[in-house]
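Protein chains in written order, with my numbering: chain L, 21 to 136; chain C, 10 to 122.
The hints are simulated quantities; they were obtained by calculation from the structure and are not laboratory data. Backbone N, C-alpha and C fix where the C-beta goes; we use that ideal spot for every residue, glycine too. Be aware that a few hints might be false.
In silico negatives: residues of chain L with every beta carbon more than 10 Å from chain C [said to hold, decoys possible]:
hint : residue
1    : Ile33
2    : Glu42
3    : His64
4    : Asn73
5    : Thr97
6    : Thr124
7    : Glu129
8    : Thr134
9    : Val136
Label pairs and their computed distance ranges (CB to CB) [to be verified]:
hint : chain 1 : residue 1 : chain 2 : residue 2 : range
10   : L       : Thr124    : C       : Thr60     : 28 to 36 Å
11   : C       : Glu47     : L       : Leu31     : 19 to 27 Å
12   : L       : Pro28     : C       : Val37     : 49 to 57 Å
13   : C       : Gly25     : L       : Ile89     : 29 to 37 Å
14   : C       : Gly25     : L       : Lys77     : 45 to 53 Å
15   : C       : Leu12     : L       : Glu99     : 25 to 33 Å
16   : L       : Asp58     : C       : Val37     : 23 to 31 Å
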Amino acid sequence: EADIYQTPRYLVIGTGKKITLECSQTMGHDKMYWYQQDPGMELHLIHYSYGVNSTEKGDLSSESTVSRIRTEHFPLTLESARPSHTSQYLCASSEWTVGASGNTIYFGEGSWLTVV
Amino acid sequence: TQLLEQSPQFLSIQEGENLTVYCNSSSVFSSLQWYRQEPGEGPVLLVTVVTGGEVKKLKRLTFQFGDARKDSSLHITAAQPGDTGLYLCAGAPSGGSNYKLTFGKGTLLTVNP
Numbered sequence: 021e022a023d024i025y026q027t028p029r030y031l032v033i034g035t036g037k038k039i040t041l042e043c044s045q046t047m048g049h050d051k052m053y054w055y056q057q058d059p060g061m062e063l064h065l066i067h068y069s070y071g072v073n074s075t076e077k078g079d080l081s082s083e084s085t086v087s088r089i090r091t092e093h094f095p096l097t098l099e100s101a102r103p104s105h106t107s108q109y110l111c112a113s114s115e116w117t118v119g120a121s122g123n124t125i126y127f128g129e130g131s132w133l134t135v136v
Numbered sequence: 010t011q012l013l014e015q016s017p018q019f020l021s022i023q024e025g026e027n028l029t030v031y032c033n034s035s036s037v038f039s040s041l042q043w044y045r046q047e048p049g050e051g052p053v054l055l056v057t058v059v060t061g062g063e064v065k066k067l068k069r070l071t072f073q074f075g076d077a078r079k080d081s082s083l084h085i086t087a088a089q090p091g092d093t094g095l096y097l098c099a100g101a102p103s104g105g106s107n108y109k110l111t112f113g114k115g116t117l118l119t120v121n122p
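Full structure from sequences and hints, please.
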């Protein structure tokens, strides 16, 4: 069973507000990821991290930022939320690089963000 | 950009029926993964296939990786209502960064009792 947790699960906020989506894992994984998924659409990688103090942008451009100060914690922040940021945000972690034989990527339950 | 096309997009069947869903690309992948995602939850990894032509079985689920490592299929035998969910395939790029999985849009399966 995955030990990766996201909070909040659901959030409705007004335009212009700053929000932080929390993600924590207790598996000691170095690799962590943030994906964005709109209903009926594929997952898009927006941020990833190789380890502490390492962050990179993913394929889909995002106005969000991330930090990795501790191995277990990978928060995502939107400084000024807009309606276009409405989506589901999924955090994930893995022990090894994606696609490596035997590697498993564990996803959190997701954070549903609605900006009004 | 590597794209994964999944078909069908929606599938509704009766309990006990067999089904196959497909994941196709014009690109070669070093490996391919299948996930199942239930409403309001994150995806859960079902299997990783690595070798061209590889077949893996997980109880009533059979996964196959194409010989050229460009496509994959998932076959479910005697489907049950508990199989209901969104089935996603995801490919790891052949060469280049191993951090960027490409996901398909998924097949939404509904198994009616």
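Status of each hint after checking the structure:
1. Ile33: Check passes; 19 Å lies beyond 10 Å.
2. Glu42: At roughly 15 Å from the nearest Cβ of chain C, L:Glu42 sits farther out than 10 Å, so the non-interface label holds.
3. His64: violated (8 Å)
4. Asn73: holds (16 Å)
5. Thr97: Non-interface label stands for L:Thr97: nearest chain C Cβ at 20 Å, farther than 10 Å.
6. Thr124: violated (5 Å)
7. Glu129: About 5 Å separates L:Glu129 from the closest Cβ of chain C, which leaves it inside 10 Å; violated.
8. Thr134: holds (14 Å)
9. Val136: Consistent with the label, L:Val136 stays out of reach of chain C, its closest Cβ about 20 Å off (over 10 Å).
10. L:Thr124 / C:Thr60: 28 to 36 Å: violated (18 Å)
11. C:Glu47 / L:Leu31: 19 to 27 Å: holds (21 Å)
12. L:Pro28 / C:Val37: 49 to 57 Å: For L:Pro28 and C:Val37 the Cβ distance comes to about 40 Å; the hint is violated.
13. C:Gly25 / L:Ile89: 29 to 37 Å: violated (52 Å)
14. C:Gly25 / L:Lys77: 45 to 53 Å: This hint holds: roughly 47 Å between Cβ atoms.
15. C:Leu12 / L:Glu99: 25 to 33 Å: Given a distance of about 32 Å, which is inside 25 to 33 Å, the answer is holds.
16. L:Asp58 / C:Val37: 23 to 31 Å: holds (28 Å)
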